[in-house]
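For this one, chain A is given, so just place chain B on it according to the hints.
For reference, the chains in residue letters:
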Amino acid sequence: MSDRALAANAVFDAEAAQARRRWLTSRIVIYAILVVFAVVYLAPLVVVVLNSFRDLPEINHNGLIAWPRSFSLDYWVQAWSTYCVGGTCAGVQRNFYNSLAMTIPATIISTVLGAMNGYVLSKWKFRGSEFLFTCMLLGVFVPGQLSLMPWAFLLGKLHLANSVYGLILIHCVQGVSFTTLFCRNFYVNIPDDLIKAARIDGAGFWRIFWKVIVPISPPILIVTVIWQFTGIWNEFLFGVIFTSGTQQPITAALVALGAGGLSVHAYNVSSAAVLIGAFPPLLVYFLGGKYFVRGLTQGAIK
Amino acid sequence: MSSLTVRNLTKNFGMVEVLKGIDLEARQGEFIALVGPSGCGKSTLLAMVAGLETVTSGEIWIGDRLVNSVAPKDRDIAMVFQSYALYPTMTVRQNMLFGMEARGVPKAQQLEAIERVSGLLQITPLLNRKPGQLSGGQRQRVAMGRALVRDPVLFLFDEPLSNLDAKLRVEMRTEIKKLHHRVGKTTIYVTHDQVEAMTLASRIAVMHQGQVQQFDEPQAVYDRPANMFVAGFMGSPSMNFIPAQLVDVGGTTAVVINGAKGRETLALYNGAAQRAAGKDVILGVRPEHLFRYTPELQAQKPGIATLTAPVELVEPTGAETMAVMRIGDSEIVGRFDPDDAPRMGEDITLGIDMSHACLFDPSSQRLI
Numbered sequence: 001m002s003d004r005a006l007a008a009n010a011v012f013d014a015e016a017a018q019a020r021r022r023w024l025t026s027r028i029v030i031y032a033i034l035v036v037f038a039v040v041y042l043a044p045l046v047v048v049v050l051n052s053f054r055d056l057p058e059i060n061h062n063g064l065i066a067w068p069r070s071f072s073l074d075y076w077v078q079a080w081s082t083y084c085v086g087g088t089c090a091g092v093q094r095n096f097y098n099s100l101a102m103t104i105p106a107t108i109i110s111t112v113l114g115a116m117n118g119y120v121l122s123k124w125k126f127r128g129s130e131f132l133f134t135c136m137l138l139g140v141f142v143p144g145q146l147s148l149m150p151w152a153f154l155l156g157k158l159h160l161a162n163s164v165y166g167l168i169l170i171h172c173v174q175g176v177s178f179t180t181l182f183c184r185n186f187y188v189n190i191p192d193d194l195i196k197a198a199r200i201d202g203a204g205f206w207r208i209f210w211k212v213i214v215p216i217s218p219p220i221l222i223v224t225v226i227w228q229f230t231g232i233w234n235e236f237l238f239g240v241i242f243t244s245g246t247q248q249p250i251t252a253a254l255v256a257l258g259a260g261g262l263s264v265h266a267y268n269v270s271s272a273a274v275l276i277g278a279f280p281p282l283l284v285y286f287l288g289g290k291y292f293v294r295g296l297t298q299g300a301i302k
Numbered sequence: 001m002s003s004l005t006v007r008n009l010t011k012n013f014g015m016v017e018v019l020k021g022i023d024l025e026a027r028q029g030e031f032i033a034l035v036g037p038s039g040c041g042k043s044t045l046l047a048m049v050a051g052l053e054t055v056t057s058g059e060i061w062i063g064d065r066l067v068n069s070v071a072p073k074d075r076d077i078a079m080v081f082q083s084y085a086l087y088p089t090m091t092v093r094q095n096m097l098f099g100m101e102a103r104g105v106p107k108a109q110q111l112e113a114i115e116r117v118s119g120l121l122q123i124t125p126l127l128n129r130k131p132g133q134l135s136g137g138q139r140q141r142v143a144m145g146r147a148l149v150r151d152p153v154l155f156l157f158d159e160p161l162s163n164l165d166a167k168l169r170v171e172m173r174t175e176i177k178k179l180h181h182r183v184g185k186t187t188i189y190v191t192h193d194q195v196e197a198m199t200l201a202s203r204i205a206v207m208h209q210g211q212v213q214q215f216d217e218p219q220a221v222y223d224r225p226a227n228m229f230v231a232g233f234m235g236s237p238s239m240n241f242i243p244a245q246l247v248d249v250g251g252t253t254a255v256v257i258n259g260a261k262g263r264e265t266l267a268l269y270n271g272a273a274q275r276a277a278g279k280d281v282i283l284g285v286r287p288e289h290l291f292r293y294t295p296e297l298q299a300q301k302p303g304i305a306t307l308t309a310p311v312e313l314v315e316p317t318g319a320e321t322m323a324v325m326r327i328g329d330s331e332i333v334g335r336f337d338p339d340d341a342p343r344m345g346e347d348i349t350l351g352i353d354m355s356h357a358c359l360f361d362p363s364s365q366r367l368i
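From first to last, the protein sequence lines stand for chains A and B.
With this note's numbering, letter number 3 in the first sequence gets 3, and the count goes up by one each step, no holes.
With this note's numbering, letter number 28 in the second sequence gets 28, and the count goes up by one each step, no holes.
Looking at chain A on its own, in the form it has when it is part of the complex:
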């Protein structure tokens, strides 16, 4: 019998109809709630995006939250290359590059170190390795503010204060507990037999790492890279405290933008600068977000 014939023969089923109505109601409620939250979260972003194209008199006249009546890309150009931040009038591009110069090496170094740590702590356990891992885990829970003074002291001694290199060092050290945690938990699920087989095959510590472990690591490496990149890029406290002027990463510079001491606050340029600063982590998340969720939830290859 075809489906259509079946449908024609179907008797009205009150129970089924009620179940269907209930399902529909619950869907509507769920979507309504989701829409409300989406609006709440997205509204500020929309305001900032719109303001980055509006001219200043219009903003001052109609207020920050209003439908745009003017449109110009000028403020983006100004924010990028000519606007005066902390005494230099070269926009935020310098700070943007500072952020890149800090975030990329710090992300790579902390991820590589985390992968190696995880490999050792899961596959080459030694007396006290669990204790060591617990100690490293503490870094995950200790707030960064707590280490401000020690860092200030250390950077001074190393002559790395007010430099991107100092920030790279800080973020590598601060990030290693996270990357180690991620990688170790991923590697723990890789069967030990794989390592044993490789050892019998004649591979040593490093060959096993590069040829066996790293090739199965992309899911967790993507997670750590996204985590580290967004975390380091968005980090503000260390940047604002240990650097100034031309050495500042973009997050710190954005504050200077608001507190520039100018009589008029250029909301449109600030908005554009904020968006420029928010762009790289967004890009990284869009490119790798799919793997991020998958990597956090999945175990290793069985």
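There's no promise every hint is true.
In the DSS-like style, the derived pairs of lysine-lysine whose C-alpha atoms are separated by at most 27 Å in a straight line are [said to hold, decoys possible]:
(1) 130/B - 107/B
(2) 177/B - 167/B
(3) 130/B - 73/B
(4) 301/B - 261/B
(5) 73/B - 177/B
(6) 261/B - 279/B
(7) 167/B - 178/B
(8) 125/A - 185/B
(9) 73/B - 107/B
(10) 73/B - 211/A
(11) 177/B - 107/B
(12) 290/A - 211/A
(13) 130/B - 211/A
(14) 211/A - 123/A
(15) 167/B - 130/B
(16) 73/B - 185/B
(17) 125/A - 20/B
(18) 211/A - 125/A
(19) 73/B - 123/A
(20) 130/B - 290/A
(21) 211/A - 107/B
(22) 130/B - 123/A
Simulated from the structure, these hints should not be mistaken for lab results.
Just chain B now, kept in the frame of chain A:
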């Protein structure tokens, strides 16, 4: 010359004694099965031979080399794991090449080895696949291939068939046996499956609680188990144990057991051998040595003793029918031809083939 000699080997994990003085030796080309229930230490023993576990005390010799502190890669061994342990990101070819590359085998020799082994195992069409694209049986084959390209002194197998389904397991078992015949390498094979041990091995080491209970040829282990553990472990259904007492009947020794109808006397096959009358023993009889009694049986087989027992349960398996019968306080299992199987509730007169019966000491559990 023996390929592997293990002398008085012990292993402790903290306070736990896992192996308590293991002695073992494998002659050139032998297939040794280490069999025992889980936790008996057989896998630990294998891991120590492979060099993956340290030695607490004792000696391991591979060939004429003491290898106690030699790294796994330098022991000239190859190992097949229960989980196959294939490198998931590499193709079958790369899996087999990995070890040779690590050891710096010349390129031409690598290719030659791959060709030889993949031909032998019929995995040539799979060479460019990844392990994830292979079935269980194919992975098993590749795992063996990875071991074979090495051409080692010693092959180690750690429960290689446990992850396969029943049918495939039997097929692969046959294949491993053929392969061993063809390659002729000394092999140590760990399994918890006594059938695998019986079918494959030239000698079986039955392990229990960190000790080798018996180390002998399969048929000897089956026919003359050294103690009640071995007797119970090897064979399915396992050997029946019936409490009995030795008595002297006109100069020959017999055993008396508590049967369904009071005390029954069963003459021992080699009853002439003098034994201390009055001693308590355990009579061990395998299920296939119980028959429905007929006068012809008496004529065919020497040493038949008779006994009547009520049948409590019948389990047909197709090829043969198992019957559970009661003798005194113990239940015994018999293996019968389906055409001649006892029925439930029947009082069957059993003919027991006493020539294959074993006697054990109840206190030491050893074979008498």
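Hint-by-hint comparison with the structure:
| no. | hint | result |
| --- | --- | --- |
| 1 | 130/B - 107/B | holds (22 Å) |
| 2 | 177/B - 167/B | holds (16 Å) |
| 3 | 130/B - 73/B | holds (24 Å) |
| 4 | 301/B - 261/B | holds (25 Å) |
| 5 | 73/B - 177/B | holds (26 Å) |
| 6 | 261/B - 279/B | holds (22 Å) |
| 7 | 167/B - 178/B | holds (17 Å) |
| 8 | 125/A - 185/B | violated (34 Å) |
| 9 | 73/B - 107/B | holds (19 Å) |
| 10 | 73/B - 211/A | holds (17 Å) |
| 11 | 177/B - 107/B | violated (31 Å) |
| 12 | 290/A - 211/A | holds (25 Å) |
| 13 | 130/B - 211/A | holds (15 Å) |
| 14 | 211/A - 123/A | holds (15 Å) |
| 15 | 167/B - 130/B | holds (24 Å) |
| 16 | 73/B - 185/B | holds (18 Å) |
| 17 | 125/A - 20/B | holds (26 Å) |
| 18 | 211/A - 125/A | holds (20 Å) |
| 19 | 73/B - 123/A | holds (17 Å) |
| 20 | 130/B - 290/A | holds (24 Å) |
| 21 | 211/A - 107/B | holds (19 Å) |
| 22 | 130/B - 123/A | holds (23 Å) |
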